[in-house]
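Protein chains in written order, with the numbering used here: chain U, 1 to 317; chain Y, 1 to 122.
What the hints contain is simulated information worked out from the structure, not anything from laboratory work. Backbone N, C-alpha and C fix where the C-beta goes; we use that ideal spot for every residue, glycine too. Treat the hints with caution; some may be incorrect.
Derived Cβ-Cβ restraints for the label pairs, each shown as a range [as the list claims (entries may be wrong)]:
| hint | chain 1 | residue 1 | chain 2 | residue 2 | range |
| --- | --- | --- | --- | --- | --- |
| 1 | U | 79 | Y | 71 | 51 to 59 Å |
| 2 | U | 104 | Y | 57 | 48 to 56 Å |
| 3 | U | 233 | Y | 95 | 26 to 34 Å |
| 4 | U | 154 | Y | 97 | 33 to 41 Å |
| 5 | Y | 56 | U | 243 | 37 to 45 Å |
| 6 | U | 292 | Y | 74 | 33 to 41 Å |
| 7 | Y | 97 | U | 179 | 34 to 42 Å |
| 8 | Y | 74 | U | 278 | 46 to 54 Å |
| 9 | U | 93 | Y | 58 | 36 to 44 Å |
| 10 | U | 276 | Y | 68 | 42 to 50 Å |
| 11 | U | 167 | Y | 45 | 25 to 33 Å |
| 12 | U | 239 | Y | 68 | 33 to 41 Å |
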Amino acid sequence: MRRLVSLALSLLVLTLVTSPAGAHGLAGKRFFPSTLAIEDPFVSDELTLPNVLHIKRPASGDEPATRETEISGELSKRITRFFGISIEGELAHLDPDGAPSKTGFGNLEIGLKWQAFTSAEHEALVSLGLGWEVGGTGRKATEAESFDVVTPSVFFGKGFGDLPDSLWILKPLALTGSAGVAIPTRSRTRTVTVEGDEVEEEIERHPHVLQWGFALQYSLPYLTSFVRDVGLPSFFRRLIPLVEVELQTPLDRGQSGHTTGTVNPGIIWAGRFFQVGVEAVVPINERTGKNVGVRAMLHFFLDDLFPTSFGRPLFGK
Amino acid sequence: MNARPLARGALALAVVLAIAGTAAGHAFLDRAEPRVGGRVRTPPAQVMLWFTERLEPAYSGVQVVNQAGQRVDRDDGAVGGDGRQLRASLTPLPPGTYRVVWRVLSVDTHVTEGDFTFQVAP
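Isolated chain Y (complex conformation):
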C-alpha cells in the first residue's frame, strides 16, 4: 500500500489544525465543591464549579434549589478566577438534598448545561 498520499493528507490536516487559533472546546463541568453527588457535614457557604473552558460571564449562570424547588442561593452567581470558575453564595442550608443547576456559554459561543445534587447531612 502506498502510504504517501495518506502521509501528505495527515500533514496538511495537522497544519490546518495547528493554525486553528480560535479553537476553544465546549465548556464541560470539570469538578465542583461540594462535589458532584457528594455529602457534606457542614452546610457550605457557597457552591463553586470549575469548567474546562473560559466562560462568557453575561450568559453563564448557576442556581441552587432545595427538594421543594425553592432557590437557596443568593442570586449572585458570577464567573471568577481565570474565567473558568462559576460560583454562587448560599443561604444557611438545613439538612437535605440540594440540586445545582447550571447553564453556561463558553467563549467559543457553545452553550452547555447540567445539574447535580449534593447532600447536607450533619
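Isolated chain U, as found in the complex:
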C-alpha cells in the first residue's frame, strides 16, 4: 500500500507541471458513479482509496474457514481522452479458524482501458480493457499467486433516460457491467511435500475463469435534475441505490461451471469531489460462502480536484 501511495504522489507531482479536460463517468447527461465491485465502463482520472471488503470465506479442502479483510486502492489516469491506465494494490488480512492470522500484499494489478463507444443521446458506453495481475509481486502466504494472469474484458454502461416519458419513473435506472476471461499463464502448480519417508504431491489446477457481473443503479440525482424534482432534501438528491452482482465461472481444468459470486445491495452518495459507498456482500451459493460480508469505498474525482493538472489527460483534451 505504501508503494501505491508513493507512486500516486509521484505521478501527482509529475503531472502538476504538465497541462491539458474531460469528465468522469458521463455519457450525455448520465453520470455513472464508480461502483464498488464491478469495474467501471469508462476511463477517468479518479482514485479509490480505500476499498475495504470484509467477509468470512467457507472451508475448502484442507483450508479452514477464514475471515478475510482486504484493503485496496486504485489509481486511474487518462492518457488520452478515451484511453486510460490504472494501477491497483491490495493489502489482505486472513484470519483462519484455528490457525494464526496472516497479513500481506496481493499482487499488483495493472489495467489498460479504451473507451471505444460513447452515445450521449442513448447514455451508452462501451469499453475494452486488458488487466494484468503481476505474479509474484504479492505475498504467497496471503494467496498471491506466483504467476501472471491476463484478463481481456469488455465493459458497458447504459442509462435508461431515453425511455418514453410515460415510463418516467424508470428513466433514472442505469445498468453497467463487464465480462472478461482471466487467463493464467500457468495451467497448474505442483507442490511436493516430504514428511519422513512419505512424499506427497499436490497439483493445483488453474482454470480460465469467466469474470462477469453487472450493477443496476437508480440515480436520484438523475431523477431530480432531468426527470422530476420530487422535492427531496439535498442529502438524498445525491444518493444512488444499487445492486451489484459479481460472478466467477471457471471454464475448464476440472472446475468448469462451478460458479461463485455475490449479490451486493448498497448505496452510493456522490458529492462534488468524492463519493462514498457501502454494500452488503451476499454469497450466491454455499460454494461462495454462507456469511454476509460488507464492502465500503471512498472514491475521489481527481478531474474535479485537479482540473487543470492531474485531472486532465496527459495528451489532448
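Starting from the known structure of chain U, arrange chain Y on it as the hints suggest.
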C-alpha cells in the same frame, strides 16, 4: 495488521487534497424554476436554473422549445446571480409541454449538458 503505513498514506493524501486550490466540480443542475418535471398554472415569464458550480458565461447557454421543437425563449440566456445561475426570458406560453435544454461550461473547464420538461396547464 500494521495500520501505520495506511495512516501515513491517508495523511499524505489528505494534505494533497487540502491544497488542491483550483478544485471545482462538474456543474450539475441543482434545481430549476419552473421545477424539473413540474406543472405550472400561470405561464412563467422566464426559466431559471441553479447549478452546483460557477459557470463560464461565454460558453453556457439555455434554450426552451415547445413540442414542435420551436424556440419559445427570447434568445437572451445569460449567467447571473453568483455565477451559478442561468436564466432566459420566455415569450408568452400557451398551455402545453416545454423542454428546457442547457449546456454549460463550469469554471474548471468541464462541459455538462441536460434537459427537462415542464408543463403549462391552467
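Consistency of the hints with the structure:
| no. | hint | verdict |
| --- | --- | --- |
| 1 | U:79 / Y:71: 51 to 59 Å | 41 Å, violated |
| 2 | U:104 / Y:57: 48 to 56 Å | 55 Å, holds |
| 3 | U:233 / Y:95: 26 to 34 Å | 32 Å, holds |
| 4 | U:154 / Y:97: 33 to 41 Å | 39 Å, holds |
| 5 | Y:56 / U:243: 37 to 45 Å | 38 Å, holds |
| 6 | U:292 / Y:74: 33 to 41 Å | 58 Å, violated |
| 7 | Y:97 / U:179: 34 to 42 Å | 40 Å, holds |
| 8 | Y:74 / U:278: 46 to 54 Å | 47 Å, holds |
| 9 | U:93 / Y:58: 36 to 44 Å | 53 Å, violated |
| 10 | U:276 / Y:68: 42 to 50 Å | 45 Å, holds |
| 11 | U:167 / Y:45: 25 to 33 Å | 32 Å, holds |
| 12 | U:239 / Y:68: 33 to 41 Å | 37 Å, holds |
Of the numbered hints given earlier, the model fails hints 1, 6 and 9; all others are met.
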